[in-house]
Each structure stands twice: as C-alpha cells, then as structure tokens.
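Undergrad: The chain contents come next:
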Amino acid sequence: MKEIALIGSPNCGKTTLFNRLTGTRQRTGNWPGVTVERKDGRLELGNEKYRLVDLPGVYTLHDDIQGIEARVAHNYINSNTPELILFVLDATRLPRQLELLPELVASGKPVVLVVNMLDSAKAEGISVDLAALARESGLPVAGVIGSTGEGIDQLRKTIANTFISYPAVAASSLNVEKIAAAAFREDGGVSRTETLDRWFLHPLLALPIFLLVMYLLFTISVNLGAVFIDFFDIILGSWFVDGTRWLLAGIGTPEWLQAVLADGVGGGIQLVGTFIPVIGCLYLCMSVLEDSGYLSRAAFVIDRLMAKIGLPGQAFIPLIIGFGCNVPSVMASRSLGQASARLTTIFIAPFMSCGARLSVYVFVGTAFFPSQAQNAIFALYLLGILVAIGSAWILRRKLFGGLVGANISEMPAYHRPLIRNVLTQTWHRLYSFIWRAGKRIVVVVLFLSVFSSFGTDGSWGNQDTEKSALSATGKVLTPMFVPMGIGADNWPATVGLFTGLFAKEVVVGTLDTLYTPSDSDNLNADAMPDFAADITTALRSVVDNSAGLVSALTDPLGISSAQVDAESSQPSSYKAMQALFPSAWGAFCYLVFILLYAPCVATIGVMQREAGHVWLGYSVAWSLLLSYWMASVLWHLSLIASEPVAAITWIVGATAVLYGCYVAILYHMKRGIADHIPAMNI
Amino acid sequence: MKLSDLPTGLSAIINALSANNAALLRQCGALGIKPGERIQVLHRSGSKGPMQIRCRGTLFAIRADEAAEIAVLAEA
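Here the protein sequences line up with chains A and B, keeping their order.
Following our numbering, the numbering of the first sequence begins with 903 at its first residue and continues without gaps.
Following our numbering, the numbering of the second sequence begins with -7 at its first residue and continues without gaps.
Hints were generated in silico from the structure; no laboratory data involved.
Any given hint could turn out to be false.
[To be verified] Part of the chain A face toward chain B, derived, beta carbon under 8 Å: (1) T994; (2) E1088; (3) L1103; (4) L1106; (5) F1202; (6) D1205; (7) R1206; (8) N1309; (9) S1311.
Here a beta-carbon is modelled for each residue, glycine too, at the ideal position from N, C-alpha and C.
Please build the complete structure, drawing on both the sequences and the hints.
TA: This is the structure we're talking about:
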C-alpha cells in the first residue's frame, strides 16, 4: 500500500485532519508536542487505498530541540516509504510554518500544502490567499477547516491529482518569505486571541481568573467523579468479586483458586473501576482546557511561582490534579516537554494529599483530636506541599542543575473546544489508564490479596483478620514502626500500611475491621450475589451522592462532609485504636507516615509506565526513607522532655542516616540520568 | 537593548541572540525567532515573570531570564 506522510508543526490541527481523512479517531490537543506516537490510518481515494501516517508535530526536521520527534519525522520523510507529503499549515501562523517547506521539498517527494484553520484565521483577522500561495510556491494547495470538515473533499481531489501529475519544484528556488508575503495578510485589527488575552493575562485579573478556573476544574472533576465511585465499586464488586466467587464455589474449585481469581483478579478490576469516574472527569475537564488554549495561559500566570522550584509553569496542572488523585496527576505530567521537568513532576506528584488519603486523616483524626481535626488535616496537606517543594528543589540543585532549559513555548490561539475532540481525547486517555495502568494494578492487587487471604494455619479467606499472613507479617514488622509512635502492640496499624498500598482509603477499612472485636460475618460469602439488588444499590448511590454536589461547591476537598460522616458513625473501633496508639501525637505521626510513605499501587503503576522502573525505584526509596525519618523524628520530638538523651540521639542519628541515603540515591540517580534522559522520549 | 527591557506594547527588531544558552538558541531558531525579525511584547506577568511576545503572527511565552539573552533594537 502506498504511504502518505502527514506533517506539520505542533497544534496545526494535524490530528483533527487525520481523523477527518481516515475516519479513525485520535486525541488532539493544544499543547505543543501532544502528538508523540506515530498513527496510521487508511485513506481511500476512488479505488485506490493509501496508508496515511501521522508524524509527530515538528518545527523543523534538522534540529534536535525536539529530540526523537524531529528525528522520527526526518528519517521517515527521507526514507523511500512515503510517496506523497501532506504538509499541514495553521493559517493563523502561516509565515512561520512555511519554514519547514524547503526541507520537505528537498526530500524530492511531491508536497501538497494543506492550509488548515481558515475559520480561526478569519476570527483573528487574517486572510490567506490560496491562489497566491499556489502560484508563488508552485505546489498544489488545498484550504480546509479540519474542525468542520470543510474543504476535505477538495483536498482528496487535490491528493488524487497530485499522484497523477506533480510539478517539479526545486528547494533552492523556494523563497519562503516571498511566498508568505504574497499569501498572508493581517487586517491590522485586534484579533480574537489578543482580545481574550487582555482578560486572561491582565496584570490584576489574571490570577483571580486562574484561581477560579482551577477551582472549577477541581470541584467539577473531583466531586462530579466522586458521585459515581460507589456505583462502580458496587457493580464491579458484585460481578467480579462476589459473582466470581459464587461461580467458582458452585463448580467446586479449591479455596485458593477462589481467593486468587475472586479477590485478586476480581478485586483488582474492582479497584481499577473505582478510579474510572474521577479520572474520566478530570480528563474531560483537562481536555476542554487544553483544547480551548487556556492551559498555556494558566501556565503563563503561575510560571513565576513554579520557576522558584525549577519547574516550568505547565507543571502546575499535574500538581493541582494531584489533590484529587495522584494517578491522573502522574499521567498529566506527560505534556511537559522537558524530560527533567517531567521526571521532577512525576517524582513530587505523590506528595500531594489525594482524596483517598483524606479519608484516612479524617478517620484517625476524628478519633484522636476531634476538635483539632481541621487543623491537623490542613497541616498534613501543607506538609505534603512542603515536601514536594523541598524534593523538587533538591532535584534541581543536585541533579538537573547542569541542564539549562529554554523556557520558551508557543501559546496557541484560542479555539472553541470541539465536543468530539474533547470526548475522543478523554476516552483515549481513560482507555490508556484502564488497560495499561490497569494491568499493573491488577497484578499488585492479586499479590497483596493472596497474601492477606492466606492464613498462617493454611486456610484461605482471612482478609482483615488476625490469622492472615499479612497480619502475621504486620506483627513481626510492628517493632520497626514503634520509633514513630504507633505503640508496640499496635499491629493493625502496621497492617493498614500494607493494605494502604492498594488504595489509601483501604486503610480505613482495615483499621476499622482490625480494631473492631471480631465476629465473623462472612459466613455466606459463597452465596450467589443478588445482582439485581446490587444494581439498585449502585444506582441509588449515584442519586444519594449527587445530592451532596451542592455542598461540594464550598468545600471542594470534602473535608467537613467527610468529618460529619466519621462523627456520625462513631465506629466502635475508635476505643481499641485509642488504646493502642500511645498518644494523639503518635497517631498524627502515623498520619504523616501515611501521607508520605509510598503512593498507592495505581499511582505506582502509572509512574512505572510514565517514567520507567528505575525512576520509580528512586522515587519510592526516597519517599519511604523520608516518611520514616519525618514520622520518627516528629515522634521523638515529643519525647525530648521525658527522655532527652534517647530522643536527641535518635533524631541526630536518623537525620545522619537519611542524609547518607539521600547522597547515595542522588549519586546513583546522577549516574543513571546520564544514560537515561537522552533516551527518554521528549 | 535586551528583549526583557522592552516595554510592554512596543515592538523591536531582533539584533542578536546570545550564544551562552545553546538550548535557547536552537529552540528560537526552530520557532523562527531570528535576528532581523520583528518582535512585540504583549503582556508581562509581574516585573520578573514571563512575557508574552509575538513574532511573525505567533504568540510565545518566554521567561524574563531567557528574554535577557535576546538583544533587540527598539523601533523608533
């Protein structure tokens, strides 16, 4: 099959055009460099079939600022494969975009100029003379509006004609400036983008507008998404966990297989499912922002703050999303161009207190310091931010110091977001989370659930009981955590740390169950789940949760509503918990550890995918050490009065060990980064 | 005169790009920000923050540090 190359600079609407021509859908966005991978599609012209190849958006072919992308495009264009080059140009930025033309013509292949976004050009007060463009360049020209499909039929004809006859054009005879001068005219008025920028980049109004947009992004996505969490939880739990167990028990499979398939695989699917609504909503809002062009303005507004920790302004977005959920936060960091900025953002994103961690803070906080819970929670959020800033600062100073970045980026013109584009883009990302990250999550859940189901006496089905292998391990490991003030007999807290790896909110369930005096209520677990009733419950949860949406407007993080929930239920586990923790301060230290020790498996899964296992390893080692140091030092601070020598020795010793470990980690990172960064897809 | 010193709203012709920052030099080259081009400052974020500039119909965000490496001749 003959191949046709589709090339153009970032944000020229290439992907939308690709979708138009091939009928397949793919994501597009407004950030420079959003299209990274090669996409193929089938283009049918009359009876002929062609393969259309969507190349990464590049500014030039010979330059190395875009690293791999430019090289991919260069190699492909100059290989023998493509028989025709479709060169897509954004009409609003025609003069600059034409710079690429001589390089394309030099490849000796037929080039068709496709002038896109004629509608935006009109709105911006720009007119493009297509006839003059064709005359001056000597190349076939087609004008299109990718978003509406106008001019696509003409483009198809132009392509077909070009295959029949193509004028000989020498690269040396092309005068880009002259071509642009002939074809491109601005009416000199104020364009739509400039008018909007007067508001969005206004010296005084820019920040309030930015804060409002971020507030809306967060409130809408997190709270709207949260409405559907229970729905997915109940439905998927009913089908994959209970349903699987019932099915397996019915055909007489051994208990261990039930545990593996129902709790492991089924539980993993259920866990991935509960992330779908929040992540989907976040992506939806993100895609709208991205498609509209505001995202690059938001980056502009917050740039001064981010520059202080050595990150580009764009890194703010992933971090703010982190307060909702760390998973999309890590995934959103992909849009950062510089590898160093991306790696730093992935590194610090897990320190943002996500919504799941909030539930643990509230559960423990309400038990130990009911009147101060708000302040304790606020302190934890602040601590996470400070740790993130500190880590970013260290990375910049010690690791990425030698890399001089060039912080200049294009600000695309504003567009009205296209619903179809937004939805495809959201789906594309959600799909990528479900399948690629989901696989890793299921594997970890499988492992952990087998571990927690398997009893020390060889039986199965011991989740959240004292008998499970996990609880036994917890008991063995508890002495390790005594220095951070959890109490010598407080093994449920240790077990909570392990189950917290599943998802932070699981800690609440684990603590609640393990602290409650046990009376087994799992007797009829093998019974057939009542699918119809579960679906009803799931639907009702959506209705119930929607009712809470209004109050969410004033409390986007849901702190007070979560507190009301915890207070009203007053779990019976509180007494046991209060007895086992040596003091309220010890419980706070435990929360500090929960905040920092390691992200949940879902986050770990996406971190591995986005940054590789080496970087993930550094990140996890870094946060484990830091959390242990922080929690234990905080605990020993409270002991200074009673046993000064031991406490001070511990604080000094732990700090020295942490320092030593960090120096070692940074040393290894430095060595690894030299081989790593250039190879990383930028 | 440095681009970072150019008052908001005024335009100038790029005179030279400092060779100190190779990454910036390459990136500007690729983005079409070259000596001889007309450049205009549209917005600023604070006095030391990034600035929005326009060069050949395209908008860019550039940090003041980097803009200081671009020498311009103010238009009369």
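Undergrad: It remains to establish, for every hint, whether it holds in the given structure.
TA: Here's how the hints hold up against the structure:
1. T994: holds, 7 Å
2. E1088: holds, 7 Å
3. L1103: holds, 4 Å
4. L1106: violated, 11 Å
5. F1202: holds, 5 Å
6. D1205: holds, 5 Å
7. R1206: At about 4 Å, which falls below the 8 Å cut-off, the nearest Cβ of chain B leaves the hint on A:R1206 intact, so it holds.
8. N1309: A:N1309 check passes; min Cβ-Cβ to chain B is 4 Å, inside 8 Å.
9. S1311: holds, 6 Å
Violated hint for the displayed structure: number 4, the only one.
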